[in-house]
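Letter by letter, the chains look like this.
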Amino acid sequence: MPQLAIEVQDLSKKYGSALAVSHANFQVPAGTICGFVGPNGAGKTTTIRMLLGLISPTGGSGQILGEAITSPEKYLPLVGAMIEGPAFYPALSGAENLRVLATLGGFPLDRVDTLLKQVGLFERAESKFKTYSLGMKQRLGIAAALLPNPQLLILDEPTNGLDPEGIQEIRQLLRNLADNGTTVFVSSHLLSELELISEYLVMLRKGEVVFAGPMQELFDQQQPFIIVKTAIENDLTKILEIAEAAGHKAHVRDGVAHIEGPAEWAGTLNKLAFDSGILLTQLAPQLPNLEETFFEMTGEQK
Amino acid sequence: MIRSLSRIFFAEWRKLRRPTLLLGTLGAVAFFSILVSSFLFLLIDSPQGNGDRGVQITREMLALPSGSTQAFSSIGNLLGIIALCVFAAQTAQEYSLGTLRNLLVREPGRIRLLAGKLASMKVFAIIMTLVGAVITIGISYLLAGGKDVSTALWFNSEGRLEIAKTLLNVFISIIGFGIIGMVLGILLRSPISSISIGVLWLLIIENLVGAIKASTLNWLPGYQLGTIATGGSPTVTYTHALALSSIYVGIAIVIATVLFTKRDVAN
Chain S
426 MPQLAIEVQD
436 LSKKYGSALA
446 VSHANFQVPA
456 GTICGFVGPN
466 GAGKTTTIRM
476 LLGLISPTGG
486 SGQILGEAIT
496 SPEKYLPLVG
506 AMIEGPAFYP
516 ALSGAENLRV
526 LATLGGFPLD
536 RVDTLLKQVG
546 LFERAESKFK
556 TYSLGMKQRL
566 GIAAALLPNP
576 QLLILDEPTN
586 GLDPEGIQEI
596 RQLLRNLADN
606 GTTVFVSSHL
616 LSELELISEY
626 LVMLRKGEVV
636 FAGPMQELFD
646 QQQPFIIVKT
656 AIENDLTKIL
666 EIAEAAGHKA
676 HVRDGVAHIE
686 GPAEWAGTLN
696 KLAFDSGILL
706 TQLAPQLPNL
716 EETFFEMTGE
726 QK
Chain R
81 MIRSLSRIFF
91 AEWRKLRRPT
101 LLLGTLGAVA
111 FFSILVSSFL
121 FLLIDSPQGN
131 GDRGVQITRE
141 MLALPSGSTQ
151 AFSSIGNLLG
161 IIALCVFAAQ
171 TAQEYSLGTL
181 RNLLVREPGR
191 IRLLAGKLAS
201 MKVFAIIMTL
211 VGAVITIGIS
221 YLLAGGKDVS
231 TALWFNSEGR
241 LEIAKTLLNV
251 FISIIGFGII
261 GMVLGILLRS
271 PISSISIGVL
281 WLLIIENLVG
291 AIKASTLNWL
301 PGYQLGTIAT
311 GGSPTVTYTH
321 ALALSSIYVG
331 IAIVIATVLF
341 TKRDVAN
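Each protein sequence line maps, in turn, to chains S and R.
So the first sequence is numbered by the working numbering: it starts at 426 and just counts up by one.
So the second sequence is numbered by the working numbering: it starts at 81 and just counts up by one.
Don't read these hints as lab results, they were simulated from the structure.
Watch out, some of these pointers could steer you wrong.
[Stated by the list, open to error] Below, computed lysine to any residue pairings styled on SDA-like, alpha-carbon distance capped at 20 Å:
#	chain 1	residue 1	chain 2	residue 2
1	S	555	S	587
2	S	499	R	342
3	S	439	R	345
4	S	439	R	179
5	S	553	R	93
6	S	499	S	488
7	S	499	R	192
8	S	499	R	189
9	S	562	R	179
10	S	499	R	93
11	S	542	S	597
12	S	499	R	87
13	R	342	R	192
14	S	674	S	659
15	R	342	S	562
16	S	562	R	123
17	S	663	S	677
18	S	439	R	342
19	S	631	S	450
20	S	654	S	722
21	S	631	S	499
22	S	553	R	178
23	S	542	S	587
24	S	499	R	184
25	S	631	S	435
[To be verified] Computed footprint of chain R on chain S; a stretch qualifies when at least three of its residues, placed anywhere within it, have a C-beta under 8 Å from a C-beta of chain R:
#	stretch
26	479-493
27	498-508
28	514-522
29	585-591
Idealized CB from N, CA, C, for every residue including glycine.
If we strip away everything but chain S, and leave its shape as in the complex, we get (with noise of 0.2 Å):
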């Protein structure tokens, strides 16, 4: 297997004038989970699309397990993939939605109820498709995904529509499949999930990447944080005051102050906003998170 499962170099898809995806470059290392961040919109789907064959790059190239994506049918035997949500044949089973795709791949049938079971649906693997809830279409989906017990796994929101019990179980699987070697490259929006199980990260905004990397590296390109909560909404102002009165950045952002500092700075200003006569309600050292370093990375708005 090579040392990288995804490579793509100034990779870029126009539709129009519209430019989707602009010279995105990054790499994924084979055997790793690497998160795929970035706003609705920023070019995530397009990039997958690219990557699977299903649509044409306008240009730049791009490789995956070493094989050029203008060849997919030389890699995507050994990729599993669930693009923009769970896509099946409302009047066919779930199990039979599978055996469809089995046949297609060339994959053994009994392999499709050992899935059911591994997803949690096997109870339910000879009901109408349209019969199930957003979350086993999600699990049926993410079977599908993984027919080809596959080198590489795609996944487009995985945890859309699960339950809190059902993410903790995609996160254990997918975690699973990663150490048994499985390259899983997964978007999604929630990105405390992504903080939990990724080692790597590739964040977009509008169609270019921002950053790509070991996700330590992009926290260690962030300051840790403070959050302050005042008691009177208006002493807020006075405190970015404060802040900035002693060298840090500082926002409010929600009705919450964000100060730029070391935790030990904490206590510090603890003191300089009694002695300002401020009644503080919050005051937690962050240390960067995903979320954060998302929304600062982007622009979004919480």
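Starting from the known structure of chain S, arrange chain R on it as the hints suggest.
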């Protein structure tokens, strides 16, 4: 190549064999088969005629070796419209349901995928043809005795040849209609739009145009395909219909293949 085509064929067959589709379609085939063969014999003495558009089909004509397949060749158009609907729906639903992306991830060879799907649908059309033939010939045979129509020549060697010829002609006609449905499915990417436009064209537009200007019947695609099923008509010869239909279907296949292979799958 052969192995991947057979995989595509059997994957498509899993969708086609579902009871609601298979039995529903065969039910419609049975309904039209019974209806047309019953009218042909029960209205044999009616002054309004017992054939298509009031045509009079006499006892003498029905007693010929081709008499057993008279009803069967008459339902060629109806079977064709059913095939058009099935082929169009099976193709367009892959776009409307979003399942095409799953299929292309598992089988990226787009021309192979199209060819395998078509092969599977052709088998479906063969089953439709055979069921239609068995029912129309069976009903005709049952009703012939009661209406004093001789069946002596129906199953001799010449009669069997007529049955084989009509089976082949109806099958060619149905496949032509089906391919047009498939192309509409690829073009319009919506089952409802492709079926309604196909049926509207065949049942209303062609009939209106043909009624206003009879010479257009020489060129209208639906009429050519219907003529193949009946083995020729008073206005259009069998060879003309076959040649022109081949050109129409050939052009349709080229358009479908180019669109299917070159178009981005973005839904």
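### Task
Hint by hint, work out which the structure violates, then give me just those numbers in ascending order.
Hints 4, 10, 15, 16, 20, 21 and 29 are the ones this structure does not satisfy, whereas the remaining hints hold.
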